[in-house]
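There are 2 protein chains.
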Amino acid sequence: MPIPEKVSDLLVKLDIAEIRSKEDLHHLELLQRATNYLAASMIFLQKNVLLERPLSKDDVKERLLGHWGTCPGINLIYAHCNYLIKKHSIPMFLVTGPGHGAPASLANLFVEGSLAKFYPQYSVNKEGLNRLIRGFSWPHGFPSHVNSEVPGQIHEGGELGYALSVSFGAIMDNPDLIVTCIVGDGEAETGPTATAWHSYKYIDPAESGAVIPILHDNGFKISEETIYGAMNDTEIATLFTGFGYQVRITSDLNDINADMATSLEWAYQEIRRIQNCARSGNPIFKPKWPMIVLRTPKGWTGPKELHGQRIEGSFRSHQVPLPHARVDDEEFHLLETWLKSYKFHELFDLSENSFRMEILETLPKEELRMGIRKETYAAYEPLDLPDCRELMIQKGDNESCMKAVGKYCSKVIEMNPKRFRIFSPDELVSNKLDATFQVTNRNFQWSPQTSNKGGRITEILSEHTCQGWMQGYTLTGRIALFPSYKHSWESSPQ
Amino acid sequence: MPIPEKVSDLLVKLDIAEIRSKEDLHHLELLQRATNYLAASMIFLQKNVLLERPLSKDDVKERLLGHWGTCPGINLIYAHCNYLIKKHSIPMFLVTGPGHGAPASLANLFVEGSLAKFYPQYSVNKEGLNRLIRGFSWPHGFPSHVNSEVPGQIHEGGELGYALSVSFGAIMDNPDLIVTCIVGDGEAETGPTATAWHSYKYIDPAESGAVIPILHDNGFKISEETIYGAMNDTEIATLFTGFGYQVRITSDLNDINADMATSLEWAYQEIRRIQNCARSGNPIFKPKWPMIVLRTPKGWTGPKELHGQRIEGSFRSHQVPLPHARVDDEEFHLLETWLKSYKFHELFDLSENSFRMEILETLPKEELRMGIRKETYAAYEPLDLPDCRELMIQKGDNESCMKAVGKYCSKVIEMNPKRFRIFSPDELVSNKLDATFQVTNRNFQWSPQTSNKGGRITEILSEHTCQGWMQGYTLTGRIALFPSYKHSWESSPQ
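These protein sequence lines map, in sequence, to chains L and F. So the mapping is simple: this note's numbering equals the position in the first sequence, first residue as 1, plus 49. So the mapping is simple: this note's numbering equals the position in the second sequence, first residue as 1, plus 49.
Bear in mind the hints are in silico, worked out from the structure with no lab data behind them. All values reported here derive from a predicted model rather than from experimental measurement. Errors might be hidden in some of the hints.
Output of the computed footprint for chain F on chain L, the stretches with three or more beta carbons under 8 Å from beta carbons of chain F [claimed, not checked]:
hint : stretch
1    : 223 to 232
2    : 290 to 299
Once the Cα atoms are required to be at most 30 Å apart in a straight line, the calculated DSS-like pairs of lysine-lysine come out as [said to hold, decoys possible]:
hint : chain 1 : residue 1 : chain 2 : residue 2
3    : F       : K452      : L       : K481
4    : F       : K62       : L       : K353
5    : F       : K106      : F       : K353
Backbone N, C-alpha and C define an ideal beta-carbon position, used for all residues, glycine too.
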């Protein structure tokens, strides 16, 4: 009993042949060849990192750490974010759910020069390349998971499941910002992610920016198939249409760059259309925001098979696909063939000590590069706070302390109309903070009562989502309050 | 841009006029009048609990505790579970996500005599009634939330979100058992619930029983609309079809008993059809299990309006809808009218000191009543365990201790083929417990490799779901292991 065929009409269809310059796409491919090489070599090489002489087993790190499987997908998405940013001058950054794909994130940050902005020792030259590759997952180098030392990151991918909610927190009150969010198909099985798909129901397109969620469905988690990998296109379309999205499945492996560019352009145009309606006084009720499901093989471009077992397109590419490359002949030769396949010498010009011009031309202008967006690192500015003496209770008077806090919060909201929010699992009233409703609204966009009115209060019963929103909001420099379950007795008449 | 109209064909359509005896339905209504009265009076009355004389303010409890809003829905579902059990002699019990609806659960357990089985002081007579109502939320009485002292319960509704996964854990390896699971629409916003809808993808219909999930969509949480309340029928149908279900929306307020009876009968027949296929060697790949979305007003049959504000069908009925009934004239009179509306004197025969025969006739035979199902309380039987000396390592040998534990687990699985399971967030292999795969399978039903083969190992990346499954499995008397994130280094070649 499959889902009726006609439901597959829910999928967004785009003509990928129609668009854009073949030359642009070729340059994006070159960028990905470079970043895929860098990611792979970070995991494996401790010497001879530019393959200037034949690879030897001694060049291979003694301890192999890192996750290859997700890297090619991150590199694909990163390259196409660059392309979209460059074309439309969009303020955008990337939140990467598979934070263990640090080799890919670091590779892109290196190529675009953002690493060097914060760490001059990682400048774009041969010495910087050496340091990046040799130092990865090594004392004093970058760790195998994205951490807060990595530029442009507000999400570390440690406890799985929060990338999506964090992304939504970041775009709140940042009306021009777009956050592209990669959600891994393993991560997508978690509860925090499963309910975070609802987040758009709490985003007012007039006051906030937008998220482009990209479910990277490569089919496998650590050693097992994923739920989303086992769902066909119609099943995927039905589920996410049910969550309120327009669903584009990007999966043309013969022309993935054209498909990805077309899909992201569509997503961008849909976002601007929804925002323009809301900002010109004609808001759409329950707008269907765009999302992308990217279906590419896990560990794409990596080794195909080892000891008769499939690696590319299987869970075996999740971490280190050739774990004994330093000692096993077959693995070593596979590694050598794999690394050479990217022809990195064609991409990095040793005489110029820099990447080829075609690669550098794919990058957005410096101030728009994702690694240096100030939202991701600028210190927050303290709130304007009321003088609490104005709200003091006279000696002998009787007042609920929580009611008084509610009045104080109202003042804070009035004095900081665009940089203070309250996230709560529908426990605002029970915590007696309801004085806040005299100065602001709830922000539930799917209710005619509260849609398109802005509002500082966002209440969803998922504390995971409240937590993720707050993380995204505060790590981009703003302040939030998270009143959770109350301690007072619920039904007390006082 | 609504979802295309044709998608609403996804909804399951049933002819509710076609079915069953009007008399049966009338008796089910009488049962609900009784349980609704009992639930309301538990929240409010400390004296005169049978309304044998005119109500006085002094009869009202001084401290009002409890949640009325969810009770009428629980009573409706409980009555119809009884009806289904009686008709088909099904082993069934109920998991109630809104565990704060304890007045409803207790009312049904009292009427069916299950309370008295465990607590003779709550026998079905006037004295027992008095004790139940007066003692509710009072020292030595039952608390306002379901707890482990309440018969027939394996889920306390404390931390929201686990009812659904707990239900699935309970039916694993109980092939005849059906667990009806009420999921509140507030609870449904949580992450643990949002991903638990996927649980059927890990249920082999040949070896395990079934869950009938009932999303009770009454539209409101504590003081705000719910996400699911704001979704129309087509949106609901699309989302849950996407999760893999056949979706029946039960919402005919003019004939809710006929609708509910028809819907549950359909769900039961669909379950048996799927199970019969699997058990006769013709399993359906990706079977679409039935689910019900029940749309009834919050606090249905309670007070309609107070001080000009709507109560029934709004968040104001969530807890105590008339919080000042002991002191406020308007509230007191509303309470009196409300309680009298159930005409409890017609339902409980004082001369017989028992409920009317028509009510008693709605109950399943004693051994099938939901409050005394032995799965919910019987002590577990210890596993048969191997002699660990058989697996000992010789002094001087070298062996991974986790690999040795894996071999031990394999023996445990072989010796306990139907009462030991492993739940893991895809960390079994990384924990080096993979020896278990030599004696059993993974149980992912959406993969052709592992579907319809049974299997003791269930891996989903949601630790919330693993936790809920384990709770349901172990609280119904079996044993499980939950290997979570590993401590060893992942890529170590050793």
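Consistency of the hints with the structure:
1. For the stretch 223 to 232 of chain L, the stated coverage by chain F is violated: 0 residues have a C-beta nearer than 8 Å to a C-beta of that chain, whereas at least 3 were required.
2. Evaluation of the coverage hint for the stretch 290 to 299 of chain L: fulfilled, as 5 residues show C-beta separations to chain F shorter than 8 Å, against a requirement of three.
3. For the hint pairing F/K452 with L/K481, the CA-to-CA distance comes to about 54 Å; that exceeds 30 Å, so the pair is violated.
4. With a C-alpha separation of about 49 Å, the suggested pairing of F/K62 with L/K353 is violated against the 30 Å cut-off.
5. Between F/K106 and F/K353, the direct Cα distance comes to roughly 20 Å. Compliance with the 30 Å bound is thereby established for this hinted pair.
When held up to the earlier numbered hints, the structure conflicts with 1, 3, 4 and fits the remainder.
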